[in-house]
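Engineer: This is what each chain is made of:
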Amino acid sequence: MMRRHALGLLLAASALTAAAPAAFAAETAETVKVGLVLPMSGPFSQYGRQMENGIRLFLQEHGDSVAGKKIELVVKDDGGIAPDRARRAVQDLIVREKADVLVGFAFTASAMASAPLAKGAERAMIVTNASSSGITSASPYMLRVGQTLPQITEPAGRYAAEQGYKSIYTLVADVTAGHDAEAAFKRGLTAGGGEVAGSLRVPAQNPDFAPFIQRIKDARPDAVFVWLPPGEATINFIKEFNQRGLAAEGIAMLGTGDLTDELTIEATGDAGLGVVTTGHYSMAHASPENEAFVKAYLAAYPKDKWPNFLAVSAYDGMAALYLGLEKTGGDASGPALAAALAGASWESPRGPLLIDAETRDVVQTIYVRKVETLDGRLSNVEFHEFPESRDSAVH
Amino acid sequence: MTSVIGVLFDGLAYGSLLFLVAVGLSITMGLMNFINLAHGAFAMIGGYFSVWLTQKTGLPFLATLPFAFFGAGLAGLAAERLLFQRLYKASHLDQVLFTVGFVFSSIAAAHYFFGAGQQFVSTPGFLQGQLRVAGVDLGKYRLFLIAVVILLTIALHLMFAKTRFGAQVRASVDNQDAAAGLGVNVGLVFSLCFALGSGLAGLGGALGVEVLGLDPTFPLKYMVYFLLVVVVGGAGSLRGPLIAALILGVFDVAGKYFIPQAGAFIIYVLMIALLLAFPSGLGGRRA
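From first to last, the protein sequence lines stand for chains A and B. Just so you know, we're using the working numbering here: the first sequence kicks off at 1 and counts up by one. Just so you know, we're using the working numbering here: the second sequence kicks off at 396 and counts up by one.
To be clear, the hints were calculated from the coordinates, so they are not data collected in a lab. For clarity, every value in this text was computed on a predicted model and none was experimentally measured. Note that CB positions come from ideal geometry on N, CA and C, so glycine has one too. Incorrect hints may appear among the rest.
[Unchecked claim] Listed next, the stretches of chain B that the computed footprint assigns to chain A, with coverage defined by at least 3 CB atoms under 8 angstroms from CB atoms of chain A: (1) 515 to 523; (2) 654 to 668.
[As the list claims (entries may be wrong)] Calculated from the model, a selection of chain A residues having no Cβ within reach of chain B, i.e. all distances over 12 angstroms: (3) 61; (4) 119; (5) 164; (6) 286; (7) 376.
[As the list claims (entries may be wrong)] Think about it this way: if two alpha-carbon atoms lie no more than 25 angstroms apart in a straight line, the pair counts; the simulated PhoX-like pairs of lysine-lysine are: (8) 70(A) with 119(A); (9) 295(A) with 370(A); (10) 535(B) with 305(A); (11) 217(A) with 451(B); (12) 327(A) with 70(A); (13) 535(B) with 303(A); (14) 186(A) with 217(A); (15) 33(A) with 98(A); (16) 370(A) with 217(A).
Here chain B stands alone, though its shape is the one from the complex (with noise of 0.2 angstroms):
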């Protein structure tokens, strides 16, 4: 029974990284209907952020999180200003074939600034070790990333239905004329948007390097994990991507756990079996 238990509580705990890492995604690609596959390179930037602050300042690894969501955020607001925006009433082949191309160009540039190798950031010792609650051993660096999905999830919340760069949003989003008729400068509400998915990106890379590494290769790396949570939970929305991630770590990790040899195979067969279920996605807002 406790293992049934730890094997539950690992299971969320990798679903929050998995959301950690895919919500930016699902900002930009599920509102904006933008084919973003550039999110990884977001994801990577505010990773090395991260690092080459701790490294380079001495910042302990917690108070770099806040610039590694700024950092990702400003090169995604640069980069879609210069580039993205004049892609967003392009053919999705295009959105795809140039986000790849940006993808490379980044993983090149990170190889020049970093070198090819492992790069890791130190977490602060109460986030190290385990904590025994009721006979399970707890991770508390698991338990930290449940409790920042948390609060994340809150916050987006309260933002995208209680704001009014909220609703100016879901207008922009619903209809981009209407909107624009009203006043809402949709140009602006688009960069914010994707500045704030990109910086979303780099928070999940910043908070994912203790777990997933990080080096240059990271864009294309988990770019399959990321899709995946998006695909699965419909994009455009917070509450699908969530349950997706976590259904998705609960089924990873249990049937790593239980049946290790079908252990890679289980979250491909999940996807497939979920899709045809719920064709656009777990909370999809389109069809």
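Extracted from the complex, chain A is given alone in its bound form (with noise of 0.2 angstroms):
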């Protein structure tokens, strides 16, 4: 509803401007130069084309002007996690190209590295996906639309905790984004009074995970929670722990939305069917905002197959930028807009999104999903959601 009734400003707005007289042209000509900072080439570069897909989906939605302003794209590649590469483009975007907006931000060191840039030029910095805690404090500008792991992970704790599982085990991927989501997860179950059995921490780079998951077989536990980077070892993990039969003895998978990635899912084959996961976008949630933002994406990018979290997070990140223009009635500075959106929210296609006024983080509905097969292909079917999720490892 929130989506319609900014359209509505938005219309008018175009129309007052239209109707302006003509002194004030100059300014209507104005442009609002947004960088992008995406990975568009090496290991992370699907996740550049899913983030300027979704952004360049809601430019052509909603038109590229907004407030009087015509919307101007510059795109700058960061290569992955390569918080030098981000930073350089940052500077380049702030000082040569003169741009007025940062959006993306893949990861959390690009986002950390090009902080200081940002909130020294006072430069308005919407990060779409970059997800450990608390990094909007490192500007006063910094505003995030995607999500944060300890957002998506700790409703899984808190799911476990529901479900009674007597004896829960821990198996996450040994670097600090696996550390955070043992953590969260941790808490999520004791909050709801469960208890973890034991934890396993593997390395983030492993051929082969048939001696952890065969551990975790002989000590039999009701669930075990696994956080992986997504990719071969998702993939992986699932096909092992379904060859070795652990479902079939009655060990049910958690996990978070990057267990059973859209674009990663379907390599696991009928292994991935019922593992549940928790997440905040699923490109089979039910709702018409998302049915259209699904059908437009493929309509737009038929080769690009799927669109993500990250495409819906990079589409509400223009959202954003949109709705902070109206109501500044087409001032871009850091300043006016990180005010204009505290506190606000809209209805995106995952579901209600509010950004804290306090901490300009994203506050949203994260969904308990179990991956079924839809259409014909593996999808996470929501079935249960926790309202307004935040990310407590902050608040």
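Using the hints, put the two chains back together into the complex; each one sits in its own frame.
Structural biologist: Shown next as structure tokens:
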């Protein structure tokens, strides 16, 4: 509903500017330059594609002008997890390209390396994916519309507690994100009265999960919570888990959306069926907004299947920018946009979205989903939700 | 006790996989004394060949394995004739730089044709799940990998020890000039050797898709593992890398199972220890 309301405002605003006297013509011709910092090459180029597609889709649907300003995009490639390159890209965007706003940032390292520059130049930074806790405190002009890892993980712990599992194992990649996920899951679980029976930390780069999975099988827990970097690790883990018959022995697999991402789940074959994960976006989310989003995405980018959380968060990044510019009447400066967007909320394809007024961090519904076959492909079907979830690692 | 047997089995299976992806490197690097870091690129070519065939023609996975072998072998032959043979006399550093460059080019090419996503194959139903033998669950695909390694080792051993081509290879490796003087076409022998090594890489890559996954960064991601097996095993033999792969596989799996905290680390400690004890590898031909 907020979205429709926002669109109404947008129409009214453009009607007003059209009727404005000629003296303001120069003003209306002004552009807002949006610098996109995305991983367009390297191992994470698929992420960059998803994000750029989401951004361009928003422009395609909502036009390239808002509050009398024309939106102009400049894409810079940060090559993946490379903070130095992200920083250089941001410097280039601010100094040479004279970008007014920065959008994107797939990884925490990129966002954190860029924050001091954006802060000094008073540019708004709309972070659409970087997921570590509390990064918005690095600059007063930084907003996050994606997700935080603890935000999507803690509900998995709460869900596990609700299920009354007696013994639960955790298995996470031995990297910072894995440790964060382990801590968040335990927080959710203990808040619900549950307890972790054992924890395994495994190498992030691990060609064979057999020994770890065998260990869990021999320990016979009721459930195992898994966080691994999306890609071959998650695919191999799910396959090996199935090969060793853990599900058949009644051991449930829980995880975050990373485990069953739209881009990788199909590679697990039927082994992925029944995996329960918590996440903020599923392509199968049942809402008219999402149905329209998925349809438009697939029509515009039939080769980049399928839209996942990256595409929708980038789409929301532009929604936030448009909403902010409407509120400020076209003022794209960092302080103005940050003030306008603090506390703002709208309806995203993923569901209701709110920017916390204090932390400028994202607040959203986290869904519990189960992998089922839908329209002939494996999908994350939502069946339970935790509304207004926040990152409790900061709050 | 059953857990020990289970771990041993998983370790042997993992070792078999390591051997499959690395044995081709033992031939190109060991026999030909050519520092071939591009080995993973040919493994990747085999993997993509297999994936592409199953997706485009609907061929079952097992039927694509010969194509993966010959596809990667032909690619290796072409690359050797056009590029690599020019560097046989070059310094090792030049060879390293050139083959690393080749790896990056192959990553970009794979990215261009197949995208950055993970590829997958569907293994036939009879290779999925586990088989219960005397109270121990044995993965069927793992049994299959072990069987492939046994057959491959026998076939390669017979080829090098019993055939005319094998004798020519051994002669060319031991003394190029003398072999050429006796009428052996050394250039052709090396080309075929390189093609064979690349073909084996392709076969290993295709068999590995199910376990290791496949994306454009494959050649870099698993380079350490190929090198580990060949360096510890001693380049230029079959026996050395086979023993090395099995030892590394068993210790890696046992370490991860019994002391998971140190799991990732054990394989490297073992490498250091084995290299200190056997500086030229477990079965190295060259000192």
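Engineer: Taking the hints in turn, state whether each one holds.
Structural biologist: Here's how the hints hold up against the structure:
1. Counting residues of the region 515 to 523 of chain B whose beta carbon lies closer than 8 angstroms to any beta carbon of chain A gives 3, which meets the minimum of three for the stated coverage.
2. Proximity of the region 654 to 668 of chain B to chain A, defined as three or more residues with a beta carbon under 8 angstroms from a beta carbon of that chain, is established by the 4 residues found.
3. Under the 12 angstroms C-beta cut-off, the non-interface status given to residue 61(A) relative to chain B holds; the minimum distance is some 25 angstroms.
4. Consistency note on residue 119(A): stated as away from chain B, and its beta-carbon is indeed over 12 angstroms from all of that chain's, at 32 angstroms minimum.
5. The beta carbon of residue 164(A) sits about 27 angstroms from the closest Cβ of chain B, which is more than 12 angstroms, so the claim that it is off the interface holds.
6. With a least CB separation of 26 angstroms from chain B, residue 286(A) remains clear of the 12 angstroms interface cut-off, as annotated.
7. With a closest Cβ-Cβ approach of about 15 angstroms to chain B, residue 376(A) is found to remain outside the 12 angstroms limit, as its non-interface label requires.
8. For the hint pairing residue 70(A) with residue 119(A), the CA-to-CA distance comes to about 24 angstroms; that is within 25 angstroms, so the pair holds.
9. Between the alpha carbons of residue 295(A) and residue 370(A) the distance comes to roughly 22 angstroms, so the proposed pair stays at or under 25 angstroms and holds.
10. At roughly 33 angstroms between alpha-carbon atoms, residue 535(B) and residue 305(A) are farther apart than 25 angstroms, so this suggested pair is violated.
11. A distance of roughly 37 angstroms separates the Cα atoms of residue 217(A) and residue 451(B); the hinted pair therefore is violated under the 25 angstroms criterion.
12. For the proposed pair residue 327(A) and residue 70(A), the alpha carbon gap of about 16 angstroms is at most 25 angstroms, so the pair holds.
13. Restraint check for residue 535(B) and residue 303(A): the C-alpha separation of about 36 angstroms exceeds 25 angstroms, so the hint is violated.
14. With a C-alpha separation of about 21 angstroms, the suggested pair residue 186(A) and residue 217(A) falls inside the 25 angstroms cut-off, and the hint holds.
15. Restraint check: the Cα-Cα separation between residue 33(A) and residue 98(A) comes to about 7 angstroms, which is no more than 25 angstroms; the hinted pair holds.
16. Distance hint between residue 370(A) and residue 217(A) is fulfilled; the C-alpha atoms sit about 22 angstroms from each other, no more than 25 angstroms.
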